[in-house]
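Read in order, the letters of the sequence shown are residues 1 to 504 in this note's numbering.
These aren't lab readings, by the way, just hints derived from the structure by calculation.
If you're wondering where the values come from, they're calculated on a predicted model, not measured in any experiment.
One thing to keep in mind: the hints can contain errors.
Unchecked claim - Below, simulated EDC-like cross-link-like pairs (lysine to aspartate or glutamate); rule was C-alpha separation at most 20 angstroms, straight line:
#, residue 1, residue 2
1, K108, E88
2, K443, E88
3, K443, D415
4, K95, E18
5, K487, D440
6, K487, D415
7, K443, D408
To be verified - Computed Cβ-Cβ distance ranges for the label pairs, DEER-style:
#, residue 1, residue 2, range
8, S17, S469, 31 to 39 angstroms
9, S469, A13, 20 to 28 angstroms
10, G456, L117, 52 to 60 angstroms
11, E188, P115, 38 to 46 angstroms
12, A193, P98, 32 to 40 angstroms
13, I6, A428, 38 to 46 angstroms
14, T414, S106, 17 to 25 angstroms
15, A205, L117, 21 to 29 angstroms
16, S191, L249, 47 to 55 angstroms
17, D182, L249, 38 to 46 angstroms
Beta carbons are placed, not taken as given, at the ideal position from N, Cα and C, and that holds for glycine.
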Amino acid sequence: MPDLPIPQDAAEAALFSECWDAVLSYADLCTSGSLTANQLATEAFALGMREARDTDFTPVRSLGRRAARLPMIPLLLTAVRTTASSWEAEGLGHKLDPDLRLWLNSEKAARFTGPPLQRPVALRGLRDMQEADASLLWLAEVEALPLPSVARRLGIDPAVAAQELEQVRGLFRDRCHRAHLDTPMAAECRSYARLLDAVTRSAGADTPEDLSRHLATCVQCAEAAACLRLHGGGLPAALAGGVIGWGGLAYLERRRRAAEVRLGAGRPGTGDHDGGDPKEGTGRGRVLRHGLLGAAVMISLVALGVSMMPMGGGSGDDTATASHDDRQPVADPTSAPSPSADPSATPTASAAPSSSATAGKPVDKNPDPEPQGTSSATASTGGNSTASAAPAPSPTEPAAATCQVSYDLVNQWTDGFQATVTVTTTQALSGWRVQWSFRDGQKVTQMWDASVSQSGGRVTADSADYNQSVSANGTLSFGFLGTWSGKNSSPFAFTLNGGSCSSS
Numbered sequence: 001m002p003d004l005p006i007p008q009d010a011a012e013a014a015l016f017s018e019c020w021d022a023v024l025s026y027a028d029l030c031t032s033g034s035l036t037a038n039q040l041a042t043e044a045f046a047l048g049m050r051e052a053r054d055t056d057f058t059p060v061r062s063l064g065r066r067a068a069r070l071p072m073i074p075l076l077l078t079a080v081r082t083t084a085s086s087w088e089a090e091g092l093g094h095k096l097d098p099d100l101r102l103w104l105n106s107e108k109a110a111r112f113t114g115p116p117l118q119r120p121v122a123l124r125g126l127r128d129m130q131e132a133d134a135s136l137l138w139l140a141e142v143e144a145l146p147l148p149s150v151a152r153r154l155g156i157d158p159a160v161a162a163q164e165l166e167q168v169r170g171l172f173r174d175r176c177h178r179a180h181l182d183t184p185m186a187a188e189c190r191s192y193a194r195l196l197d198a199v200t201r202s203a204g205a206d207t208p209e210d211l212s213r214h215l216a217t218c219v220q221c222a223e224a225a226a227c228l229r230l231h232g233g234g235l236p237a238a239l240a241g242g243v244i245g246w247g248g249l250a251y252l253e254r255r256r257r258a259a260e261v262r263l264g265a266g267r268p269g270t271g272d273h274d275g276g277d278p279k280e281g282t283g284r285g286r287v288l289r290h291g292l293l294g295a296a297v298m299i300s301l302v303a304l305g306v307s308m309m310p311m312g313g314g315s316g317d318d319t320a321t322a323s324h325d326d327r328q329p330v331a332d333p334t335s336a337p338s339p340s341a342d343p344s345a346t347p348t349a350s351a352a353p354s355s356s357a358t359a360g361k362p363v364d365k366n367p368d369p370e371p372q373g374t375s376s377a378t379a380s381t382g383g384n385s386t387a388s389a390a391p392a393p394s395p396t397e398p399a400a401a402t403c404q405v406s407y408d409l410v411n412q413w414t415d416g417f418q419a420t421v422t423v424t425t426t427q428a429l430s431g432w433r434v435q436w437s438f439r440d441g442q443k444v445t446q447m448w449d450a451s452v453s454q455s456g457g458r459v460t461a462d463s464a465d466y467n468q469s470v471s472a473n474g475t476l477s478f479g480f481l482g483t484w485s486g487k488n489s490s491p492f493a494f495t496l497n498g499g500s501c502s503s504s
């Protein structure tokens, strides 16, 4: 597996940091596990950067210069698709999502690599724009970044960013209209082309019945209609589906949820890293905190009722509901507070169970949400009501287990890093919580295959709903992204369900 390319300068290092999360998020959709996702993302990132450097990529806006290729993030995402296709051809398809494999061997995938005039209209339209304009459109519409953040990234005056985005949307529409007219098409499609352009220009225009029936049966014309209709909120889906292909809509949903987390909606107490409206982030955080408090109160009341039942009651099977996909980078893998750190700093045992929000991949394998775990999973167990009995474990913590942990720093750049944690347990588990400490102020930003919370240097990773069960002498693994400054030493004081782990 090739290593990630080394940034050539500070600007490219910043670019790596901005793009890696998006690449890993899509690679995670395309594969069956976090380790394989990292392998696919690394190969695709190296491939995409080679292509970018070959075309003399410059990440700043430059008037009068036309792009010879897609902007950076969609370029890297298409490199993920290309790399996945290579895996399938080389006999490594078993590492990929089964639905993706079916798609790669279908006519749908062939459209993205076939004759240029028969490729999706959105892909051709975006490629035909100046790179700065195409980047503005993609970052605002697909990555769902707030305009002030996009303006800073592209060197645009924030005061005119909204106006520029509106102009770029119109430019994208014009490019797609031209691309649609250039597409080899049947006579019936050709007869509807100008009518399609007319009815998609206005939000109040009615679509004639015959055109509506045609759009219901013609994929190419329906794709063109989605790109030409700027009103109605369908542009992001048209861009993601037309440029990425398989999993485009799921990727779009992941990026929207990731943006919400960065704005503070998904993780109470974190700031707005992307320059969004602080009031908006504070309001969202307040709503979430109130919701979590209400949930904690309700769970506590249920637990109290169970404890008062005759004969000590049985064990409840509380499962955490999911508001976020659990397989997206959230990380900070390096150092932590000293082993003698105040136990109160760890968000573990508590009288009231902690609310959780994690979700696994859908069973139907239709990739959807993005992995953005923000709370910890809870499990309530009924205990013997006898006062002299030994204290039962907190409702939020499964029984302690003997374990061995391996911490792997997968990659590191100027101010960020990626790491994987693998834990081997001697006992069978029906739920798990792994904790560790950082010494150097590292912060976990995204995590996959677990949900994350952090208090100071102490990090808590709770199992997702799909990987709670671990057999005796089996392993559990999850990965994350994080930030660091000054020093990025390895974490320490690893525990599994409250029991200390030895390091391998």
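Hint check results:
For the given pair, K108 sits about 16 angstroms from E88 by alpha-carbon distance, which is consistent with the 20 angstroms threshold. For a cut-off of 20 angstroms, the pair hint linking K443 to E88 is broken: about 36 angstroms separates their Cα positions. Under the criterion of a C-alpha separation no larger than 20 angstroms, the hint pairing K443 with D415 is consistent with the structure, at around 11 angstroms. A distance of roughly 26 angstroms separates the Cα atoms of K95 and E18; the hinted pair therefore is violated under the 20 angstroms criterion.
With a C-alpha separation of about 6 angstroms, the suggested pair K487 and D440 falls inside the 20 angstroms cut-off, and the hint holds. Between K487 and D415 the alpha-carbon distance is near 10 angstroms, which keeps this suggested pair within the 20 angstroms criterion. Restraint check for K443 and D408: the C-alpha separation of about 16 angstroms stays at or below 20 angstroms, so the hint holds. Between S17 and S469 the Cβ separation comes to about 35 angstroms, which falls inside the hinted range of 31 to 39 angstroms.
For the pair S469 and A13, the supplied restraint of 20 to 28 angstroms is violated, since their beta-carbon distance comes to about 41 angstroms. Checked against the hint of 52 to 60 angstroms, the C-beta distance between G456 and L117 comes to roughly 57 angstroms, which is consistent with it. For the pair E188 and P115, the beta carbons lie near 21 angstroms from each other, so the given range of 38 to 46 angstroms is not met. Checking the proposed 32 to 40 angstroms range against A193 and P98 shows it holds: the Cβ atoms sit about 37 angstroms from each other.
Look at I6 against A428: about 44 angstroms separates their beta carbons, and that is inside 38 to 46 angstroms. Checked against the hint of 17 to 25 angstroms, the C-beta distance between T414 and S106 comes to roughly 41 angstroms, which is inconsistent with it. Taking 21 to 29 angstroms as the suggested C-beta distance range, the pair A205 and L117 conforms, at roughly 28 angstroms. Under the hint 47 to 55 angstroms, the C-beta atoms of S191 and L249, about 30 angstroms apart, miss the expected range.
Between D182 and L249 the C-beta distance comes to about 26 angstroms, which lies outside the given range of 38 to 46 angstroms.
Checked against the numbered hints given earlier, the structure breaks hints 2, 4, 9, 11, 14, 16, 17 and satisfies all the rest.
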